[in-house]
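Using the sequences and the hints, build the whole thing.
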Amino acid sequence: MNEEIKLYTISIYTENNIGLLNRVSAIFQRRHINIESLTTSQSEIDGVNRFVIVVNITESQAKRIVGQFEKQIEVIRAYYHTEEETIFTESCMFKIKSALLFEEPQIQNIIKDSNTRIVTVNKEFFVLEKSGRRNEIESLRRDLNVYGIMQFVRSGRIAVTKDEMKITEMLQAFNNQ
Amino acid sequence: MDTETENKTQGVASKTMRIKGCEAVVRSLIAEGVDILYGYPGGAIMPVYDELYKFQNEIHHVLTRHEQGAAHAAQGYARISGKVGVAMATSGPGATNLITGIADAQIDSTPVVCITGQVFSHLLGSDAFQETDIVGISTPVTKWNCQVTKASEIPGVIAKAFYIAKSGRPGPVLIDITKDAQQGELDYEYEPCKGVRSYVPIPKTNPDAVKAAADLINAAKKPMIVWGQGVILGKAEEELKAVIEKAGIPSAWTILGASAIPTSHPLNIGMVGMHGNYAPNKLTNECDVLIAIGMRFDDRVTGKLDVYAKQAKVIHFDIDPAEIDKNVKTDVAVIGDSKDSLAQLLPLLNVNTHESWLQEFKDLYAIEFEKVIKHDLTPTKEGLTMGEVLKQINIETKGNAAIVSDVGQHQMITCRYADFNITKSNITSGGLGTMGFALPAAIGAKMGAPDREVVAIIGDGGYQMNIQELGTIFQQKVPVKIVVLNNEFLGMVRQWQQLFFDKRYASTEMTNPDFVTIAKGYYIQGKRVTKREELADAVKEMIASEESYFLEVCVEKEDNVFPMVPTGASVSDVRLS
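Protein chains in written order, with the numbering used here: chain B, 1 to 177; chain Y, 1 to 577.
Worth flagging that the hints you see were computed from the coordinates, not collected in a lab.
Glycine included, every Cβ here is placed at the ideal spot set by N, Cα and C.
Mixed in with the good hints there might be a few duds.
[As the list claims (entries may be wrong)] To spell it out: a stretch of chain Y is covered by chain B in this simulated footprint if at least three of its residues, at any positions, have a beta carbon under 8 Å from a beta carbon of chain B; those stretches are:
(1) 190-199
(2) 509-519
[Stated by the list, open to error] The calculated DSS-like cross-link candidates involving lysine-lysine, where the alpha carbons are at most 25 Å apart (straight line), are:
(3) Lys166/B - Lys362/Y
(4) Lys6/B - Lys326/Y
(5) Lys527/Y - Lys63/B
(6) Lys71/B - Lys166/Y
(7) Lys71/B - Lys329/Y
(8) Lys54/Y - Lys63/B
[Claimed, not checked] Quick list of the computed label-pair ranges, beta carbon to beta carbon:
(9) Gly47/B - Gln56/Y: 51 to 61 Å
(10) Ile5/B - Glu556/Y: 50 to 60 Å
(11) Trp496/Y - Ser131/B: 51 to 61 Å
(12) Val153/B - Asp331/Y: 45 to 55 Å
(13) Gln172/B - Asn57/Y: 40 to 50 Å
(14) Leu21/B - Gln183/Y: 24 to 34 Å
(15) Val153/B - Leu124/Y: 26 to 36 Å
Dropping the structure here:
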């Protein structure tokens with residue numbers, strides 16, 4: 001009975017609908033499941049949105065929750081995947097005082113070694129951006145924190161799955177009915 | 001969907017009419033076949049009411065005395081007729097008062113469309129007078145909901161609402177229409193909704209799953225069916241009966257499944273669950289194959305889950321894939337429409353009788369009869385029992401009435417003892433357990449099936465939660481029969497206090513008004529019965545009445561409902577006292 005709790009990535013393909021985020025978050029809230037991260041964007045299909053939600057749960061919980069999502073009228077399909085079944089990334093931004101770039105030459109090495117991109121530089125501050133795994137972002141944050149960070153922000157996880165999700169076929173089948 | 005309708009409307013000018021949104025609301029309802037709706041007017045919905053006034057020959061609006069009454073009346077109408085019930089209210093408190101009924105319809109899968117008025121769209125989010133985020137509030141308790149801010153969206157959204165409410169596993173839908181959308185103009189043309197691309201109402205039954213189910217059933221020595229409301233919603237009563245009879249399977253029902261198979265059927269072994277019958281509860285944990293049909297393994301049915309039917313292979317027929325493995329792990333899941341799935345199952349089943357297995361049910365019934373039923377139906381003590389009232393109603397209605405019950409002890413007694421010959425006859429609030437449900441639901445039920453006898457059976461607590469609907473009964477002349485079983489207690493809570501809280505009767509005793517006088521105040525004839533010898537004649541008089549009738553029966557104050565599976569106990573540990 002004691003199932004392993006681990007990170008699952010839930011992908012939900014939906015119609016673009018105003019109230020849907022509410023329905024999606026309510027399903028987690030009712031079950032006291034904490035959302036680790038949530039992103040929503042256009043999917044590969046025009047007019048179809050995709051939620052990518054990361055939660056720390058058991059597989060049977062994941063299965064039941066996906067059932068609840070699919071029950072929502074505007075949800076086309078929902079899936080859950082383990083970390084091994086997805087390719088995923090997060091991105092982050094740092095805003096740092098420009099003076100530090102000259103006073104602390106080590107910062108330039110950190111930027112270079114971590115493949116971090118400089119988005120913009122002006123007299124007061126410069127902005128860095130990096131995509132990658134959580135541990136890479138965390139270590140970058142630790143490294144830069146030594147010198148002082150004006151602002152830090154990290155996105156939720158975005159992920160694509162290794163296996164196919166046949167949404168286009170499903171929608172076509174509906175159109176052909 | 002909406003833009004499609006719009007384009008077509010513009011393209012075929014000859015078929016369209018230039019009308020206001022409020023008129024489009026009423027015309028769309030009529031186009032959906034609605035001839036009756038329940039509601040309460042107010043500022044934000046007034047344009048629609050003005051149209052209802054103009055269309056009163058086509059569509060009958062029933063003014064309830066509270067919006068909650070409108071929602072429950074729409075439910076009662078839907079439950080007895082199988083059609084979509086419609087409730088209407090204004091914004092703000094009008095809309096929020098519908099919520100209990102909507103939540104009830106959601107958990108009991110009742111097709112209801114609620115239409116609420118909303119403040120002008122330019123005022124949305126400004127905390128305007130009677131503005132409330134009803135779409136936000138109703139989201140967790142609706143199958144679908146939608147706010148309309150443009151007149152042109154109205155016919156498309158209403159078509160979609162009806163389609164979603166009644167298709168697949170039915171449920172409530174709420175449409176919130178801003179006042180400017182009601183007042184604005186559109187080119188009106190009505191096209192019923194034929195599908196929503198992200199929504200599969202009825203998953204196709206997988207023949208392999210049906211085959212696997214048939215194999216398990218054919219090999220079973222001690223099969224047992226538990227059916228639920230899915231059989232009624234799927235209009236699969238005949239198919240279920242054929243399956244039961246061919247394979248000779250003892251079959252029990254959940255509270256909402258009651259009446260799908262007549263009470264008198266020899267293979268109908270009674271109700272499962274907390275106050276269900278002794279035999280089906282006990283033998284759930286002895287059957288070798290448990291066949292669940294259109295039911296959802298509610299905690300009141302299963303008792304303690306990790307000791308529920310562990311010895312059995314479980315087959316689960318359901319239209320909703322999310323129900324599979326939700327509470328009970330299944331061995332074979334047959335996802336699809338119950339009528340279709342059972343029709344596919346029937347030819348694969350072997351003829352059987354399971355006589356000795358059926359005898360086990362009969363033996364346990366005999367125990368329940370001796371210990372409980374006998375004392376409920378033919379009591380020898382002085383006080384009246386709820387059971388003997390039901391027995392008398394059975395005699396007078398010959399089991400042909402639709403029974404609407406509220407929530408509590410009287411509800412359990414009603415479900416246990418009412419005779420049902422006709423399907424869709426047990427109208428009660430099962431999942432949500434909404435006190436106050438019965439009186440308004442009975443109004444809707446009687447209006448949804450005017451030719452049927454409708455008897456509402458209500459406790460003195462629940463009766464007073466929506467007692468104002470006596471006004472609706474009087475104004476609309478709804479010939480519904482109302483029985484209040486008065487024990488001057490919130491009986492079920494009191495029973496729990498007696499059993500589990502050392503008789504500390506915290507806030508369960510009720511000092512009641514003169515109910516007969518109240519009924520008479522609404523010009524409803526009424527009678528109070530306090531003695532056994534008065535009961536038969538009073539029930540007879542009530543059923544014979546052509547008009548609405550109120551009957552109060554003063555029953556024993558501290559009777560308990562048994563059998564009982566205490567919360568958290570195994571169904572095997574069902575108590576008889």
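Hint by hint, here is what the structure shows:
Counting residues of the stretch 190-199 of chain Y whose C-beta lies closer than 8 Å to any C-beta of chain B gives 5; at least three are required, and the coverage claim holds. With a threshold of 8 Å between beta carbons, the proposed coverage of the stretch 509-519 of chain Y by chain B is violated, since 0 of its residues qualify and at least three are required. A hinted pair counts as satisfied when its Cα atoms are at most 25 Å apart, and Lys166/B with Lys362/Y does not qualify at roughly 53 Å. For the given pair, Lys6/B sits about 20 Å from Lys326/Y by alpha-carbon distance, which is consistent with the 25 Å threshold.
As the CA atoms of Lys527/Y and Lys63/B are separated by approximately 55 Å, the hinted pair breaks the 25 Å bound. Between Lys71/B and Lys166/Y the CA atoms are separated by roughly 15 Å; this keeps the pair inside 25 Å, and the hint holds. Distance hint between Lys71/B and Lys329/Y is fulfilled; the C-alpha atoms sit about 19 Å from each other, no more than 25 Å. Distance restraint check for Lys54/Y and Lys63/B: the Cα-Cα separation of roughly 51 Å exceeds the 25 Å cut-off, and the hinted pair is therefore not satisfied.
Between Gly47/B and Gln56/Y the Cβ separation comes to about 42 Å, which falls outside the hinted range of 51 to 61 Å. Judged by the Cβ atoms, the range 50 to 60 Å given for Ile5/B and Glu556/Y holds: they are separated by roughly 52 Å. Evaluation of the 51 to 61 Å hint for Trp496/Y and Ser131/B yields a pass: the beta carbon distance comes to about 58 Å. Evaluation of the 45 to 55 Å hint for Val153/B and Asp331/Y yields a pass: the beta carbon distance comes to about 49 Å.
Judged by the Cβ atoms, the range 40 to 50 Å given for Gln172/B and Asn57/Y holds: they are separated by roughly 46 Å. Range check, Leu21/B to Gln183/Y: about 30 Å between beta-carbon atoms, so the 24 to 34 Å window is met. Our hint of 26 to 36 Å for Val153/B and Leu124/Y holds, since their Cβ atoms are close to 31 Å apart.
Violated hints, listed in ascending order, are 2, 3, 5, 8 and 9; each of the other numbered hints is respected by the structure.
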